[in-house]
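Could you put the whole structure together from the sequences, leaning on the hints where they help?
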Amino acid sequence: MSSSKPLIIANGTLIDPSSNTEIVAHIVINDGKFDTIEANTDELHSLQQRFGNAETIDASNKLVLPGLVDLRARFREPGQEFKATIASEAYAAAKAGITSVCIPPDTDPIIDKPSVANTIVEKSRLAKAAKVHPISALSHNLEGKMLGDIWTMAKAGCVGTSNAKSEVSSVLMQRRAMQYAASFGITVHLYSQDHELLGNGCVHEGLTSTRLGLPAVPSAAEIVGLARDIALIETTGVKAHIMGISCARSVEMIAQAQQSGLNITADVDIHHLLMNENDMRDFDSNFHIQPPLRTKNDQQALIDGIKAGVIQAVCSDHQPHDDDAKLAPFSETEPGISSLEVLLPGILKVGKENNIALQDLFATVTNKPAEIAGLDSGKINKGSIADCIIVDGNKSWSLATQTLSQGRNSPYLEEALTGQCIKTIINGNLIH
Amino acid sequence: MSDSQLQLTQQGKLQHFLTIDGLSKQHLIDIMDTAKQYIQLDKQKNKSKLIKTNVLKDKTVVNLFFEPSTRTRTTFEIAAKHLGADVINLNVARSSASKGETLLDTIHNLEAMHADQFVIRDSNAGAAYFAAQHVEDHVSVLNAGDGRHAHPTQAMLDMFTIREHKPNFNELSVAIVGDILHSRVARSQIGALKTLGVQDIRVIGPNTLLPTDIDALGVTSYNSMREGLEGTDLVMMLRLQRERMEGQLFASDREYYNAFGLNQEKMAYAKDDALVLHPGPINRGLEISSGIADSQRSLILPQVTNGIAVRMAIMEITQKHRAEAAQ
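Those sequence lines, one after another, are chains A and B.
At position 145 of the first sequence (counting the first as 1) the number is 145 in the working numbering, and the numbers step up by one without a gap.
At position 194 of the second sequence (counting the first as 1) the number is 194 in the working numbering, and the numbers step up by one without a gap.
Hints listed in this document are in silico derivations from the structure and should not be mistaken for laboratory results.
The following label-pair restraints were derived from C-beta to C-beta distances: (1) B/H165 / A/A220: 41 to 49 Å; (2) B/T53 / A/D324: 36 to 44 Å; (3) A/N61 / B/G247: 54 to 62 Å; (4) B/K25 / A/K395: 41 to 49 Å; (5) A/I23 / B/E246: 53 to 61 Å; (6) A/T152 / B/N89: 58 to 66 Å.
Glycine included, each C-beta is placed from N, C-alpha and C at the ideal position.
What follows is the structure, encoded as structure tokens:
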């Protein structure tokens with residue numbers, strides 16, 4: 001797929017964490033790739049002459065970033081098209097600045113056959129929007145009892161394997177799955193939780209659960225699950241990625257595991273960086289997420305984990321729902337927030353409030369997650385595939401009027417957001 | 001919006017009764033004062049008697065109970081009838097697994113039958129709050145217990161009963177004993193006691209029955225009856241909510257009774273004139289000895305009568321303010 005005519009992005013502030021670059025430059029995109037990065041801004045005219053039919057986009061006072069890479073978003077297709085579709089969400093993602101998305105295997109049917117993976121990729125290709133990368137099912141029916149065909153699925157293009165949020169039946173099975181994945185160098189995405197301790201909890205065990213009387217998830221669910229998984233990662237040598245950590249103690253444990261040389265990475269969803277349990281409006285089901293919002297101390301530790309590089313990636317953990325899914329007493333509602341469009345303004349807010357250098361901040365949504373998923377994207381270098389976005393870092397807007405995702409389930413609807421993607425280029429094509 | 005805001009009109013008047021949280025001392029006093037008017041002492045028989053009125057004439061009160069209840073539902077029914085309302089009782093089996101009619105559909109259906117007030121009990125925390133968010137403008141919602149969250153009418157009848165005997169809330173030391181973790185009653189009692197000015201509130205139980213961070217509610221937790229009851233004016237016992245327990249949370253009934261059951265010996269740790277409350281139904285020989293439950297120090301039976309008067313007051317107040325606000 002290549003662009004019909006070249007594009008010149010002129011005078012933008014280019015930030016490329018992969019090469020530690022932050023310069024004002026002109027970027028020429030030709031034939032689907034980054035052709036030229038010209039730091040001498042006096043050269044615009046000569047570039048325009050060289051690429052005679054090029055379209056020039058003025059990006060003065062704007063940021064030019066690699067297209068964002070989201071390690072976890074549910075598009076609900078196949079199986080729950082009444083909530084959202086690949087077409088609707090891939091376009092919403094692209095518009096929000098996300099150019100590559102990894103899809104967990106808990107679709108219906110689950111992603112356990114090449115035909116399912118291929119259908120998802122093909123549908124996203126037809127949508128001419130964000131690129132979609134399936135993650136394969138670690139076990140049959142995600143029941144955690146028998147191994148899925150993860151080698152076959154890796155060959156079919158899956159960028160990792162995972163049991164999503166479902167329990168692996170035993171420690172023995174978990175160990176075998178890791179041994180097996182390690183044989184082929186496949187990254188295992190782990191939801192490190194002790195499911196017995198998770199129970200039917202829906203809010204953090206602490207002040208909120210005590211005050212509202214809602215079933216609780218103790219921090220111990222994550223800490224115990226993670227301790228078990230780290231022990232297995234150590235003994236199997238598998239490449240492991242921990243999904244959506246929520247506790248301060250988890251950050252310490254992962255840091256320690258990384259220091260001792262284990263092949264372990266981690267991500268956090270944007271909500272746990274933006275909110276803690278005190279931000280919940282009583283019984284508002286839009287705040288129902290798994291793992292639950294935890295304490296202010298946990299929130300700060302996760303932000304510090306980003307700063308220290310212990311947590312490599314921030315993802316949207318996008319989960320669009322139909323209205324009925326949230327229209328019930330809190331504990332009966334389905335967890336998850338529709339959040340593709342919150343990732344970019346969210347990460348900008350976290351960076352600003354915590355003085356995180358832009359390179360470090362954007363690394364968590366570009367080159368670092370791309371490395372975890374083994375994708376050739378998330379960077380702006382000469383010769384690489386041209387996925388990039390132009391961002392107005394100061395633009396104020398609100399989701400209330402501009403949500404594109406089919407999911408309206410969001411606690412951020414009324415909030416003023418700052419920072420918006422104004423142009424998205426995927427494979428050298430201007431998407432919007 | 002928190003449930004405390006939802007239950008008040010823009011003028012700050014009570015229009016639903018969902019939780020004690022966020023209510024002022026005056027709100028609680030108004031309820032108790034109104035309830036007081038409905039109780040008359042029959043001096044000849046030395047017994048209290050309930051007064052009947054017609055303030056809810058032509059109104060329909062629906063008792064919507066998604067959890068089994070005899071006592072609470074009956075007292076709400078009697079209260080509504082004493083106010084002249086028509087009463088419909090619905091006991092509905094509902095579980096998230098059964099995927100039957102949703103709570104919202106049930107409420108809308110009953111509204112279409114011209115209900116004016118819902119009294120709702122459900123196993124989900126926040127159920128009454130959810131209902132209050134979705135009912136029509138003239139309909140008020142009373143929480144008769146939602147999961148582990150709140151049981152505010154029970155707390156108010158307890159406060160009413162306490163006030164009859166020990167009116168100076170500021171000076172009281174109160175211990176709440178037993179299964180605090182699963183108890184919506186305890187959460188509402190703590191809220192009401194604090195709002196009325198009680199400084200010293202203690203909760204007593206094994207850690208498996210105490211919620212995490214309970215101290216953040218402004219109470220002190222104890223694992224020993226001897227230490228926890230020391231010098232208290234009131235002992236509020238709770239029922240062991242076995243229907244809500246998942247797995248084993250204490251060793252054996254015998255051990256529980258020996259460690260946390262209230263008997264004469266443990267009662268001696270409290271002040272000499274200390275009184276005992278229990279929301280019922282009581283488990284004799286598990287939470288409380290018959291010697292205590294049937295003694296002069298027990299307020300368990302007066303609690304039941306007071307419960308009707310307090311529920312009458314709450315029904316009247318909320319219905320009046322809801323109707324005013326809807327105009």
